[in-house]
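Residue numbers (this note's numbering), protein chains in the order written: chain W, 1 to 113; chain X, 114 to 224.
Check before you lean on any hint, since a few could be wrong.
As the list claims (entries may be wrong) - Capping the alpha-carbon separation at 30 Å, the derived lysine-lysine pairs in BS3-like fashion look like this:
| id | chain 1 | residue 1 | chain 2 | residue 2 |
| --- | --- | --- | --- | --- |
| 1 | X | K180 | X | K219 |
| 2 | W | K83 | X | K169 |
| 3 | W | K83 | X | K155 |
| 4 | X | K219 | W | K9 |
| 5 | X | K219 | W | K71 |
| 6 | W | K57 | X | K115 |
| 7 | X | K155 | X | K219 |
| 8 | X | K169 | X | K219 |
| 9 | X | K169 | W | K57 |
| 10 | X | K115 | X | K219 |
| 11 | X | K155 | W | K9 |
| 12 | X | K180 | X | K169 |
| 13 | W | K14 | W | K83 |
| 14 | W | K70 | W | K9 |
| 15 | W | K57 | W | K70 |
| 16 | W | K70 | X | K155 |
| 17 | X | K155 | X | K115 |
| 18 | X | K155 | W | K14 |
| 19 | W | K70 | W | K14 |
| 20 | W | K83 | X | K219 |
| 21 | X | K169 | X | K115 |
| 22 | W | K71 | W | K9 |
| 23 | W | K83 | W | K57 |
| 24 | W | K71 | W | K57 |
| 25 | W | K9 | W | K83 |
| 26 | W | K57 | W | K14 |
| 27 | X | K180 | X | K115 |
| 28 | X | K155 | X | K169 |
The hints are simulated quantities; they were obtained by calculation from the structure and are not laboratory data.
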Amino acid sequence: DGGITQSPKYLFRKEGQNVTLSCEQNLNHDAMYWYRQDPGQGLRLIYYSQIVNDFQKGDIAEGYSVSREKKESFPLTVTSAQKNPTAFYLCASKEDSRQETQYFGPGTRLLVL
Amino acid sequence: QKEVEQNSGPLSVPEGAIASLNCTYSDRGSQSFFWYRQYSGKSPELIMFIYSNGDKEDGRFTAQLNKASQYVSLLIRDSQPSDSATYLCAIPGGGYQKVTFGTGTKLQVIP
């Protein structure tokens, strides 16, 4: 099956803890993205990566970090510096710069204990 | 900065009726538009992509684009309870740039 997988489906974070959200794709897409969705708000871009070992900050990168060591994988770490992490996190990918469409994974819901 | 405006709803329509969802955008240079459907607790799913003025039809869905007035709409004919979801209007970025999303309109189809 081709697609984008995210894990876990639900994640609980304790105060002061860093947590990592997984995103994997087997579509051979060049670009990968992380968005955050809060109730009543549109999706907001956290980070994106066009190519392995390269990534750029989005609109709300503070308190987050990413890596792109493999084309298939783009994990997101929510650090303790992110004071309001409760949200629905969506990973997306895009085939290349000529294509318009981004495809989404199933999402991870992060909750703070 | 591109902006996309949508009425949050909820928009309630009876089963079998036509649901009309609207979206306006700020950047006159925007060339193409997406409509995504998002069920509660799920990720967005692309349902329509339109880049030309006029109508684009796909099954029960019709997207309409009016670049002069800077609005995009989505019509759902013969609405079904399974169409109940939030519909997100979005503008793709060029190259590897982000997609700009509206906040979405919640549609409720009443049986």
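Outcome of the hint check:
1. Using a Cα cut-off of 30 Å, the hinted pair K180 (chain X) and K219 (chain X) holds, with the two alpha carbons roughly 24 Å apart.
2. For the hint pairing K83 (chain W) with K169 (chain X), the CA-to-CA distance comes to about 43 Å; that exceeds 30 Å, so the pair is violated.
3. The hinted pair formed by K83 (chain W) and K155 (chain X) meets the criterion: a straight-line CA distance of about 24 Å does not exceed 30 Å.
4. For the proposed pair K219 (chain X) and K9 (chain W), the alpha carbon gap of about 23 Å is at most 30 Å, so the pair holds.
5. Using a Cα cut-off of 30 Å, the hinted pair K219 (chain X) and K71 (chain W) is violated, with the two alpha carbons roughly 35 Å apart.
6. For the hint linking K57 (chain W) to K115 (chain X), the alpha-carbon distance of about 17 Å falls within 30 Å, and the restraint holds.
7. With a CA separation close to 14 Å, the supplied pair K155 (chain X) and K219 (chain X) stays within the 30 Å bound.
8. Restraint check for K169 (chain X) and K219 (chain X): satisfied, since their Cα atoms lie roughly 22 Å apart, inside the 30 Å limit.
9. Our distance criterion of 30 Å between C-alpha atoms is broken by K169 (chain X) and K57 (chain W), whose separation comes to about 35 Å.
10. For the suggested pair K115 (chain X) and K219 (chain X), the alpha carbons sit about 22 Å apart, so the restraint of at most 30 Å is met.
11. For the hint pairing K155 (chain X) with K9 (chain W), the CA-to-CA distance comes to about 10 Å; that is within 30 Å, so the pair holds.
12. Between K180 (chain X) and K169 (chain X), the direct Cα distance comes to roughly 14 Å. Compliance with the 30 Å bound is thereby established for this hinted pair.
13. Straight-line distance between C-alpha atoms of K14 (chain W) and K83 (chain W) comes to about 11 Å, which keeps the hinted pair within the 30 Å bound.
14. Between K70 (chain W) and K9 (chain W), the direct Cα distance comes to roughly 22 Å. Compliance with the 30 Å bound is thereby established for this hinted pair.
15. Taken as a hint, the K57 (chain W) and K70 (chain W) pair is honoured in the structure, with Cα atoms around 18 Å apart against an allowance of 30 Å.
16. About 26 Å separates the Cα atoms of K70 (chain W) and K155 (chain X), which keeps this hinted pair within 30 Å; it holds.
17. Simply put, K155 (chain X) and K115 (chain X) have alpha-carbon atoms about 25 Å apart, close enough for the 30 Å limit, and the pair holds.
18. Between K155 (chain X) and K14 (chain W) the CA atoms are separated by roughly 24 Å; this keeps the pair inside 30 Å, and the hint holds.
19. Straight-line distance between C-alpha atoms of K70 (chain W) and K14 (chain W) comes to about 29 Å, which keeps the hinted pair within the 30 Å bound.
20. About 29 Å separates the Cα atoms of K83 (chain W) and K219 (chain X), which keeps this hinted pair within 30 Å; it holds.
21. Of the pairs offered as hints, the one joining K169 (chain X) and K115 (chain X) holds, with about 23 Å between alpha carbons and a cut-off of 30 Å not exceeded.
22. Between the alpha carbons of K71 (chain W) and K9 (chain W) the distance comes to roughly 22 Å, so the proposed pair stays at or under 30 Å and holds.
23. Restraint check for K83 (chain W) and K57 (chain W): satisfied, since their Cα atoms lie roughly 18 Å apart, inside the 30 Å limit.
24. With a CA separation close to 18 Å, the supplied pair K71 (chain W) and K57 (chain W) stays within the 30 Å bound.
25. The straight-line distance between the Cα atoms of K9 (chain W) and K83 (chain W) is roughly 21 Å, inside the 30 Å bound, and the hint therefore holds.
26. Simply put, K57 (chain W) and K14 (chain W) have alpha-carbon atoms about 25 Å apart, close enough for the 30 Å limit, and the pair holds.
27. A hinted pair counts as satisfied when its Cα atoms are at most 30 Å apart, and K180 (chain X) with K115 (chain X) qualifies at roughly 15 Å.
28. Taking the CA atoms of K155 (chain X) and K169 (chain X), the gap is about 26 Å. The hint holds against a cut of 30 Å.
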